[in-house]
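Read off the chains here:
2 protein chains.
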Amino acid sequence: MAKENFVEQIADVEKDFPQWYTDVVIKTKLVDYGPVKGTMVIRPYGYAIWENIQAELNERFKKNGYENAYFPLLIPMSFFTKEAEHVEGFAPEVAVVTHAGGEELAEPLAIRPTSETVIGNMYSKWLQSYRELPILINQWANVMRWEKTTRPFLRTSEFLWQEGHSAHASEEEAEAETAKMLAVYKEFAENCLAIPVICGRKTEKEKFAGAVATYGMEAMMKDGKSLQAGTTHFLGQNFAKAFEIKFLDKDGAQKYAYTTSFGVSTRLIGALIMAHGDQRGLVLPPVVAPVQVVIVPIAAKKGGVLEKCAEVKTELEKAGIRVKLDDTDNSPGWKFNEWEMKGVPLRIELGPRDIEEGKALVFRRDTLEKNACALGGLADTVKELLATVQRDMLEAAKVRRDGRIAYADSLDGILKGVDGGNFVKAGWCGCRECEDKVKSYAQATARVFAEGESAKKCAICGKKAERVVIFARAY
Amino acid sequence: MAKENFVEQIADVEKDFPQWYTDVVIKTKLVDYGPVKGTMVIRPYGYAIWENIQAELNERFKKNGYENAYFPLLIPMSFFTKEAEHVEGFAPEVAVVTHAGGEELAEPLAIRPTSETVIGNMYSKWLQSYRELPILINQWANVMRWEKTTRPFLRTSEFLWQEGHSAHASEEEAEAETAKMLAVYKEFAENCLAIPVICGRKTEKEKFAGAVATYGMEAMMKDGKSLQAGTTHFLGQNFAKAFEIKFLDKDGAQKYAYTTSFGVSTRLIGALIMAHGDQRGLVLPPVVAPVQVVIVPIAAKKGGVLEKCAEVKTELEKAGIRVKLDDTDNSPGWKFNEWEMKGVPLRIELGPRDIEEGKALVFRRDTLEKNACALGGLADTVKELLATVQRDMLEAAKVRRDGRIAYADSLDGILKGVDGGNFVKAGWCGCRECEDKVKSYAQATARVFAEGESAKKCAICGKKAERVVIFARAY
Chain S
7 MAKENFVEQI ADVEKDFPQW YTDVVIKTKL VDYGPVKGTM VIRPYGYAIW
57 ENIQAELNER FKKNGYENAY FPLLIPMSFF TKEAEHVEGF APEVAVVTHA
107 GGEELAEPLA IRPTSETVIG NMYSKWLQSY RELPILINQW ANVMRWEKTT
157 RPFLRTSEFL WQEGHSAHAS EEEAEAETAK MLAVYKEFAE NCLAIPVICG
207 RKTEKEKFAG AVATYGMEAM MKDGKSLQAG TTHFLGQNFA KAFEIKFLDK
257 DGAQKYAYTT SFGVSTRLIG ALIMAHGDQR GLVLPPVVAP VQVVIVPIAA
307 KKGGVLEKCA EVKTELEKAG IRVKLDDTDN SPGWKFNEWE MKGVPLRIEL
357 GPRDIEEGKA LVFRRDTLEK NACALGGLAD TVKELLATVQ RDMLEAAKVR
407 RDGRIAYADS LDGILKGVDG GNFVKAGWCG CRECEDKVKS YAQATARVFA
457 EGESAKKCAI CGKKAERVVI FARAY
Chain F
7 MAKENFVEQI ADVEKDFPQW YTDVVIKTKL VDYGPVKGTM VIRPYGYAIW
57 ENIQAELNER FKKNGYENAY FPLLIPMSFF TKEAEHVEGF APEVAVVTHA
107 GGEELAEPLA IRPTSETVIG NMYSKWLQSY RELPILINQW ANVMRWEKTT
157 RPFLRTSEFL WQEGHSAHAS EEEAEAETAK MLAVYKEFAE NCLAIPVICG
207 RKTEKEKFAG AVATYGMEAM MKDGKSLQAG TTHFLGQNFA KAFEIKFLDK
257 DGAQKYAYTT SFGVSTRLIG ALIMAHGDQR GLVLPPVVAP VQVVIVPIAA
307 KKGGVLEKCA EVKTELEKAG IRVKLDDTDN SPGWKFNEWE MKGVPLRIEL
357 GPRDIEEGKA LVFRRDTLEK NACALGGLAD TVKELLATVQ RDMLEAAKVR
407 RDGRIAYADS LDGILKGVDG GNFVKAGWCG CRECEDKVKS YAQATARVFA
457 EGESAKKCAI CGKKAERVVI FARAY
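As you go down the protein sequences, you meet chains S and F in turn.
Numbering of the first sequence is given in this note's numbering, commencing with residue 7 and proceeding in unit increments.
Numbering of the second sequence is given in this note's numbering, commencing with residue 7 and proceeding in unit increments.
Keep in mind that the hints are not guaranteed to be accurate.
It does not matter which identical chain is meant; a pair holds if it fits inside one copy or across any two.
Cut-off 20 Å, straight-line C-alpha distance, at most; resulting in silico cross-link-like pairs (EDC-like, lysine to aspartate or glutamate) [unchecked claim]: (1) Lys69 - Asp332; (2) Lys307 - Asp335; (3) Lys247 - Glu99; (4) Lys69 - Glu57.
Calculated directly from the structure, the hints in this document are not laboratory data.
Using the sequences and the hints, build the whole thing.
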């Protein structure tokens, strides 16, 4: 049977999650491997998801006063050395241009792994008075971080992202911005990607190289591992001092600005796949799905069927729904499998009898339920249903995640917890040694502090602890 | 007077056009120089124009069946050598990555100057059957061509562009695609940028490295020079053979595909500036202007003025107009100059007396006319006026250009023509020697063949000629 053949092509989601992931991203034509090791080609179906993500984020950034701009890809190597932690963190991953235009360059140039340095350099040139603050700029760009082990969307040497960069007159304002943009990310992740996230501050070990503090949002994948879905960084005056980002304040004094940065990347597509996917393939939330509804004609050669399908398509399109009519020669069963694998949220099946009875069958990809809906007012029904799917997917992901949060008061407890596919909350004394022990003993890292929770003892060393950390294995 | 001070800051548009251009792009904050020589930073005001260009082109590409995708930045150097003309054309301009991740690479990698090679490599992997043809993919990306002499937007080592890449089963279909996409560009240039363009085939000397034929659209700048605003390339089977882009045809035979490519870049922003700008600064066509209407309150501190301005702003926004209310502390005169320099198509002036009389003054940036308009139904009036400005700007640019097309039947005639700031039509025998003579004698190049026109004699050597070429100095 066609369906079984299809399913057989995808590895078992329970038994071999990594292979399931690879099968799904390749077979659904989201992505392919580029000719240079570690690079990816984002194919039209994957790129359309990215464009939807961009549109949603652009709207939110704009509401928060951000404007888009574009800064150069190539950064003088000397820029990196200006911020000590930054160079230490990024130098090992940098790709370097040494020759151009047939000549060796006087100074080697780095392909940006992130743009704090080049943007800092420009801000120092632009900024003069407190009146020009805050500066709120976002950039959509490609960045390059040379990685040994790569996987499409999750870790590739080149990826696409947005990086927001703000500069402020005061420390309080800059810190507030970091919190505000983290909240923007959280709302976006939950309402657009239907992925519940846990937000919190990162440990010193896990923070961005050059930041005073990094805040992250962590998403649970179906294997219980965590994926860092976005980060915001309070940079203090570190980059302002390194790049002379100064302004004349109201009181007539020259002061250094406080800066922040924040970013999300094409990793989010990986998060979508692993947070919602199942044995049949992708399950995409309607807000970012390239195709929200696919119409499959039944007995398409019977008079009037294709015409009615086209009519329904036009009706849905007019309602602003992204809809596709699959009028190819393939069998309905083949089409069902294909579009289920591609994660299209709703399928409308329409045959001669349905048309006679004035109804259509509507299949939900997330719950696999199929119900008859009246053809009259179908666009409204579908719109409501898409909103329901979006809400239900978030709810289902929340239930999955909440059932997988464990508590531990020992190193063994942490190991057992992550072995069982959980996020593990544990008291932590704050020392690097204990954090490293968790890594070597349980292959888990500190994802974020559990905000608002407190502990008495460190689960690792037993000493006094105040804060609770969420440990997990991570992508 | 503030106004004069402002104008003094910009070099004389008649006497020193190059300096006028530099002054305008920098002072209007469209762009700035990046830290690496030859690179640019596209600032928010410039990037917003680019985003409007992208939106307009995306709509057109989609209508023509194209989908967006993203291919890797880095290309193995060996890829370039697979197409002989291509490597010869691009190798001298390539920036090369030799080190990454702290190690020297086994094979040096080129930063893409254009993506025919890497996309060809992927198409060969994807394409199997004639059923999958045509492939119609577009990419928005940064590219790098190391240039000795650079100017913001016009020629920079890194720039942003779109590159369309299609593959077809037959030669006819691929050639037709090249013509179709050139027509799409022309319609876009005229209706969105208000720039009339002359389209035609390029000479062998001027064609894309690796193409069978290149077609260009040429736009006249205010100094009479030409700017190549976009090109489409019929690549024949050159890249298909170099990269094994093959398919199983209906007749059971393996065949090479025929491919095309086409692109426009951030150069278009330079074209906008030089096609429409004047002594006061930018003049932006409404379709791509970041701000279409600026509202300047007069006697803003008088009761009710700012409130009414905000009301008008909301009304225009609701009608889908991009509007800004300048409620800063600067004087109205200062604001007038500022927004005129930034090229905002319409300015609405609203003071206590206007409000009393139920009208507003509306200033047109393109014609410098100011008229009173009733506040009732202002959104409709403004919408119509924006459409009028858009049409009139194209018409004015057409009149300017058409008055500057000369004919020549000698080398001296060509020189005189281009010295006078004209596009010069002249018969050409077709030999490279004559083309080179025009270059060295008149510093002019063959822009495109004048489609549908014929000649008897070559203006340079006097030998028999059939085709007419448009010669011009060019950016």
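Structure-based check of all given hints:
1. In this homomeric assembly, lysine 69 and aspartate 332 come within 20 Å of each other (Cα to Cα) only across copies, at 18 Å, whereas the closest approach inside a single copy is 38 Å.
2. For a Cα distance limit of 20 Å, the shortest separation of lysine 307 from aspartate 335 inside one copy, 10 Å, qualifies, whereas the shortest one across copies, 70 Å, does not.
3. For a Cα distance limit of 20 Å, the shortest separation of lysine 247 from glutamate 99 qualifies neither inside one copy, at 24 Å, nor across copies, at 36 Å.
4. Taking the shortest Cα distances, lysine 69 and glutamate 57 sit within 20 Å of each other both inside one copy (18 Å) and across copies (17 Å).
The structure does not agree with numbered hint 3 stated previously, though it agrees with all others.
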